[in-house]
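Counting from 6, one number per residue, gives the positions in the sequence shown under this note's numbering.
If you are wondering where the hints come from, they were derived from the structure by calculation, not from laboratory data.
Predicted model, so just to flag it, every value in this text is computed and none were measured.
Don't take every hint at face value.
[To be verified] Here are the simulated DSS-like cross-link-like pairs (lysine-lysine), alpha carbons at most 27 Å apart as the crow flies:
(1) K75 with K127
(2) K75 with K108
(3) K77 with K127
(4) K122 with K150
(5) K77 with K150
(6) K77 with K122
(7) K122 with K108
(8) K54 with K122
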Amino acid sequence: MKSFWVCVLPLLVAVLIGVPAAALAATQVVQGKPGAAGEWRVIGQTHAKHTVDHDQIFVQGPFDNFRRIKFKVTDSPLTIHRMVVTYDNGAPDNIDVRQNIKKGGESRAIDLRGIGKRSVRKIEFWYETKGILNGRADVTIFGMK
Numbered sequence: 006m007k008s009f010w011v012c013v014l015p016l017l018v019a020v021l022i023g024v025p026a027a028a029l030a031a032t033q034v035v036q037g038k039p040g041a042a043g044e045w046r047v048i049g050q051t052h053a054k055h056t057v058d059h060d061q062i063f064v065q066g067p068f069d070n071f072r073r074i075k076f077k078v079t080d081s082p083l084t085i086h087r088m089v090v091t092y093d094n095g096a097p098d099n100i101d102v103r104q105n106i107k108k109g110g111e112s113r114a115i116d117l118r119g120i121g122k123r124s125v126r127k128i129e130f131w132y133e134t135k136g137i138l139n140g141r142a143d144v145t146i147f148g149m150k
């Protein structure tokens, strides 16, 4: 019964305060994991729906000082327009990605500013799906230290 309320209560609060359910579902909190420098590791994953064109992933420390980011797309092609990486000091880094990613493909590696000096707190990205008939794209974000 407790797990029921853990799942339902945030949605109930969102409805009462007027937050769209799509925006709530598009947010994910991820705990960083240790790993060797130079290895790609999963930061987060989301499902790009046809009704949502913006997702965000919150990254909690430790192990969140990434120097590069890339996207992997499965199940449907996707165009990523831009992203905003917010660091622990609140400074945003606006990055134009403008890349078409095929089904099963990856974006280029995107270098972040302040290598090893700033921890990533949030990654927001804007995208466009490639038609309803293709289904929804699963987007995985990877980070490299």
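Evaluation of the provided hints:
{"no.": "1", "hint": "K75 with K127", "verdict": "holds, 14 Å"}
{"no.": "2", "hint": "K75 with K108", "verdict": "holds, 15 Å"}
{"no.": "3", "hint": "K77 with K127", "verdict": "holds, 18 Å"}
{"no.": "4", "hint": "K122 with K150", "verdict": "holds, 11 Å"}
{"no.": "5", "hint": "K77 with K150", "verdict": "holds, 17 Å"}
{"no.": "6", "hint": "K77 with K122", "verdict": "holds, 26 Å"}
{"no.": "7", "hint": "K122 with K108", "verdict": "violated, 34 Å"}
{"no.": "8", "hint": "K54 with K122", "verdict": "violated, 34 Å"}
The structure fails hints 7, 8 (numbered hints given earlier, in ascending order).
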